[in-house]
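Let the hints inform the model, and build the full structure from the sequences given.
These protein sequences, in sequence, are chains L and A. For what it's worth, my numbering labels the leading residue of the first sequence as 1, then goes sequentially. For what it's worth, my numbering labels the leading residue of the second sequence as 1, then goes sequentially.
To be clear, the hints were calculated from the coordinates, so they are not data collected in a lab. A quick note: this is a predicted structure, and the numbers were derived from the prediction, not measured. A virtual CB, placed ideally from N, CA and C, is assigned to each residue, including glycine. Careful: at least some of the hints might be erroneous.
Across the chosen pairs, the derived CB separations fall in these ranges [to be verified]:
1. G232(A) to M105(L): 39 to 49 angstroms
2. A58(A) to G12(L): 53 to 63 angstroms
3. D99(A) to R231(L): 34 to 44 angstroms
4. G22(L) to R141(A): 12 to 22 angstroms
5. G20(L) to R21(A): 56 to 66 angstroms
6. D225(A) to S117(L): 54 to 64 angstroms
7. Q242(A) to G72(L): 54 to 64 angstroms
8. S222(L) to S235(A): 27 to 37 angstroms
9. D244(L) to S39(A): 29 to 39 angstroms
10. S155(L) to R59(A): 18 to 28 angstroms
Covered, in the sense of this in silico footprint (three residues per stretch, anywhere, with C-beta under 8 angstroms from a C-beta of chain A), are these stretches of chain L [claimed, not checked]:
11. 176 to 189
12. 203 to 214
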Amino acid sequence: MTADKEMFAAVGLTRVFGRGAGRVLALEGVDLTVRRGERLGVVGESGSGKSTLIRLLAALDTPTAGSVSFEGQPVTGRPERELGFLRRRVQIVFQDPRASLDPRMKVRRIITEPLRSPMIRAELGDLDPDARVRELMEAVGLDYADADRYPHEFSGGQRQRIAIARALAPKPHVLIADEPVSALDVSVRAQVLNLLDDLVDRFGLTMIFVSHDLRVVRHVCSRAIVMRQGRIVESAPTASLFSDPQTDYTRALLAAIPAFRGA
Amino acid sequence: MSLLRVRDLTVAFGRRPPVVRGISFDVEPGQRVGLIGESGCGKTVTSLAVMGLLPDNARISGSIRLGDVEVVGSSDRAMSELRGDELTMIFQEPMTALDPTMRCGRQVAEVLRLHSTAAPGAARERVLVMLGEVGFADPERIANSFPHELSGGQRQRVVTAMALINSPDLVICDEPTTALDVTVQATVLKLLDRVLASQNAACLFISHDLAVVSELCSDVLVMLDGEIVERGTASGIFTDAQHPYTKGLVATSRLDLVEPGSRLPLVEDFYAGAER
Chain L
1 MTADKEMFAA
11 VGLTRVFGRG
21 AGRVLALEGV
31 DLTVRRGERL
41 GVVGESGSGK
51 STLIRLLAAL
61 DTPTAGSVSF
71 EGQPVTGRPE
81 RELGFLRRRV
91 QIVFQDPRAS
101 LDPRMKVRRI
111 ITEPLRSPMI
121 RAELGDLDPD
131 ARVRELMEAV
141 GLDYADADRY
151 PHEFSGGQRQ
161 RIAIARALAP
171 KPHVLIADEP
181 VSALDVSVRA
191 QVLNLLDDLV
201 DRFGLTMIFV
211 SHDLRVVRHV
221 CSRAIVMRQG
231 RIVESAPTAS
241 LFSDPQTDYT
251 RALLAAIPAF
261 RGA
Chain A
1 MSLLRVRDLT
11 VAFGRRPPVV
21 RGISFDVEPG
31 QRVGLIGESG
41 CGKTVTSLAV
51 MGLLPDNARI
61 SGSIRLGDVE
71 VVGSSDRAMS
81 ELRGDELTMI
91 FQEPMTALDP
101 TMRCGRQVAE
111 VLRLHSTAAP
121 GAARERVLVM
131 LGEVGFADPE
141 RIANSFPHEL
151 SGGQRQRVVT
161 AMALINSPDL
171 VICDEPTTAL
181 DVTVQATVLK
191 LLDRVLASQN
201 AACLFISHDL
211 AVVSELCSDV
221 LVMLDGEIVE
231 RGTASGIFTD
241 AQHPYTKGLV
251 ATSRLDLVEP
261 GSRLPLVEDF
271 YAGAER
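Next up, the structure:
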């Protein structure tokens, strides 16, 4: 496998919701390639189409037009039972761990839930769940002794670590992080970003990192796309996005970053 | 004389240990004070105590004086005369602060009518002027809209209009831009800056984000585990913090100073070996 291998290739992705007067064009003709090992930032405001894009990439939704392929295999148009390869290899961490973790499940069950999926078991074979929980909890900086506690017994940052451990359980190739630090305090944000950075390196992951915060994207990602009204308006290495933005919209986003007065 | 004078304020809920522990601070007329700290440090409880909005099971001791009125122990009736008039609040989530069944213009007018004897026609006039002041080019249309017809930023501007229409002495802002997009946040912060200045209103601005506080406030209080651990001018705090927690907060918010891809500093890094 070459370093340049394509993980995702999306061509002409379009998604329309509703019809008639309520018709919303959420995504319009988006072409995107995500390469192996890349850290791609997806930046844009609410309603820009970021979430629609990642939902289509992860096959949680079907495009109105266009197609997605993953690791060279077509995704669009295939029935769910043939998508096992994608389900295991692509995992998502959501914005709000208070909402994405089932409050009635103990941490041990939450983390091993992906491993109980028949589709993922067919891909991975049987893993020893307890050993895997220990491994993952240690990897994300949690104490294995807490495996039989419930999510509400943890702080916001710790809950996000649990969500990350769950995402890593089926040994994915791609981690999609959808605003993973937006619901967290600034002081906790740094811990989670450092953790993601370590894990992506350690497990050789490809990361798609969705955020409205350009400061965070600059820190985490090597390349970023800027989305607006369902289209990609700019795509560039993050360093040049900051030093030499090409569109007025990117400039407006940069100007909106709160600046430190007197510092 | 200080506009707001808080002395030895302690708040506990039920039998649990206090969440605010003997804090004291002042806000002068027209002064803007940022109150920063992480979730659970007691900043929102402090602001609710000042507003007299704590639930019945809260046990409060100490003193909160707003002008010559003592808030602690004041009746609900006395407080509701203050609230919305001399003392107002802007909350984090504008959708929950607005009544979904009422047109925005009426909601703003209600605040006005409750605290003055203005005739209904005159109230409408002042509402439209106020909506213009918070940056709406078409106040008439906004006044006739229901909250769900507006975007998050527009809603927060309506809430700002409600908070400022009676020319309050003190506006408490509890994370007013946290739920908003960055560009909208920038607009709302500029707007707050302008309206607070034009009415010479003082402000207690609560946030976990130092960068946001630095845009608006001249002075900063840093809160940790129910206590104020550091206070000073905004520029002083950002350039020359003393308390390890403050140093950590400053460092974690300065993403712009860190080489992209390198390890971010943590608050813990600033506690030399000791647990906080």
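Hints, one by one, checked against the model:
G232(A) and M105(L) have their C-beta atoms about 45 angstroms apart, which keeps the hinted 39 to 49 angstroms range intact. Between A58(A) and G12(L) the beta carbons are some 58 angstroms apart, a value that agrees with the proposed interval 53 to 63 angstroms. For D99(A) paired with R231(L), a C-beta distance near 36 angstroms keeps the hint of 34 to 44 angstroms intact. Between G22(L) and R141(A), the C-beta spacing of about 20 angstroms keeps the proposed range 12 to 22 angstroms intact.
Between G20(L) and R21(A) the beta carbons are some 59 angstroms apart, a value that agrees with the proposed interval 56 to 66 angstroms. A hinted range of 54 to 64 angstroms for the beta carbons of D225(A) and S117(L) is inconsistent with their spacing of about 42 angstroms. Between Q242(A) and G72(L) the C-beta distance comes to about 57 angstroms, which sits within the given range of 54 to 64 angstroms. Taken as a hint, the range 27 to 37 angstroms holds for the pair S222(L) and S235(A), whose Cβ atoms sit roughly 34 angstroms apart.
For the pair D244(L) and S39(A), the beta carbons lie near 37 angstroms from each other, so the given range of 29 to 39 angstroms is met. Between S155(L) and R59(A) the CB atoms are about 25 angstroms apart, so this pair conforms to the stated range of 18 to 28 angstroms. Residues of the stretch 176 to 189 of chain L lying with their CB closer than 8 angstroms to a CB of chain A number 5, which satisfies the three-residue condition for coverage. Counting residues of the stretch 203 to 214 of chain L whose beta carbon lies closer than 8 angstroms to any beta carbon of chain A gives 3, which meets the minimum of three for the stated coverage.
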